[in-house]
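Model the full assembly from the supplied sequences, consistent with the hints where possible.
With my numbering applied, the sequence shown corresponds to residues 838 to 1236, in that order.
Be aware that one or more of the hints could be misleading.
In the DSS-like style, the derived pairs of lysine-lysine whose C-alpha atoms are separated by at most 27 Å in a straight line are [as the list claims (entries may be wrong)]: (1) LYS969 with LYS1000; (2) LYS931 with LYS1000; (3) LYS931 with LYS969.
Hints were generated in silico from the structure; no laboratory data involved. Since the model is a prediction, treat every value here as computed from it, not as a measurement.
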Amino acid sequence: MVDIAHQAAINPASAKHAATARALVPLTAIEPGQWRALAQRAVEPNGYYLPAWELAVSATARGRTDASVLPAFDGSSTRLIGLMPVISLWRAWKIPLPALVSAHPYGTLCSPLIDRDAPIEAATRLLQQARKAGAHALVLNDVALDGAAMASLNQVLNRDGLKPRVLGSYIRASLDATQDGETLLREALGTKKLKELRRLRHRLEEHGPVVFEVARRPDEIGPALETFLQLEASGWKGKRGTALIQHAGDATFIRRAVPALAETAQCEIVTLRAGTIPVAAGIVLRHQDRAFFFKLGIDERFARYSPGVQLTLDLTRHLCADPAIASADSTASADHPMINPIWRGRLAIGDVLIPLRRNDPLVALIHAALVGLNAAHEAARRVVRRLRKSAKPTPPPAR
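As structure tokens, this is what we get:
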């Protein structure tokens, strides 16, 4: 069995492993200032690969700890121009073949950070680093298929006569925040639906004035985060045992990441209150001119008033009114019943197998193993869906 991520840590002083150790390093080995500077220059934003977020995930988050990274430096070896957090294929899915897989950053986006000032050099060096680490293929999960990072990689692959394979893809909701918020909502939902939502909001006001709050400052973010965590745990995720606060590692990660990002104005928590009662809250990351809607929690006692939808309407207006934000990624599942009707933009997200050498027979084995794995996962999902349909009906999940 080949565990490339572990291999990098074996005998680091020996000449045999020196190249591998340089090619693949722990996340914590990347100088934070270099990482932050690269994130500012990234050709495509990804809030989930900001250092404050990904380092917190890798430190304690359940099933996501101890990630490694492929770093790419320019010709002088002093400027970080590319960064791709990874784990081995064995660690990801217990497949004993030499490949590296995107390290999952909790959010569903793994597009690597590539320097917009040197995108081709950065993409070239990332692939070179993967080869030096002993990998025969890269598996990029949850990448924006039409994004600038994938375009840079595709250009290098095409130049080198290598053909990536899309293992699976889906379309998810996004927001064009350059539009007027009210106009966008009217066109998306129609006047009849908006009138019904206003009626529900008026009914919610019977519990107290309805107020939309945005916590940005470090002194605001802590209490707002605790409110969100309690709301998330009070709903269907709490019943399933998947709320962030229900696992010590996850709770530690989110309590570390959110305040750290708030220090650099890259995270905010939005809350909807009826009087003093928080009825919905969400975590939003910000990177460059894009927002990322990480998670939403609601008080299901107020489900009849559609608190998740009400919060999303206010968030839409908030983002559209912010000149610093041009778009927002829902990071939601395909055909999400709550956000798809509101955010009508669409992003193509997929898993991509990238061969690192021409005519490599191992890549065919890796591809076959991944296709088989996907088929098994889909069969399991179908069973879960049938079981849920046979159970008592529950409110639709709020992510």
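Consistency of the hints with the structure:
1. Between LYS969 and LYS1000 the CA atoms are separated by roughly 20 Å; this keeps the pair inside 27 Å, and the hint holds.
2. Distance hint between LYS931 and LYS1000 is fulfilled; the C-alpha atoms sit about 25 Å from each other, no more than 27 Å.
3. For the given pair, LYS931 sits about 22 Å from LYS969 by alpha-carbon distance, which is consistent with the 27 Å threshold.
Of the numbered hints listed earlier, not one is contradicted by the structure.
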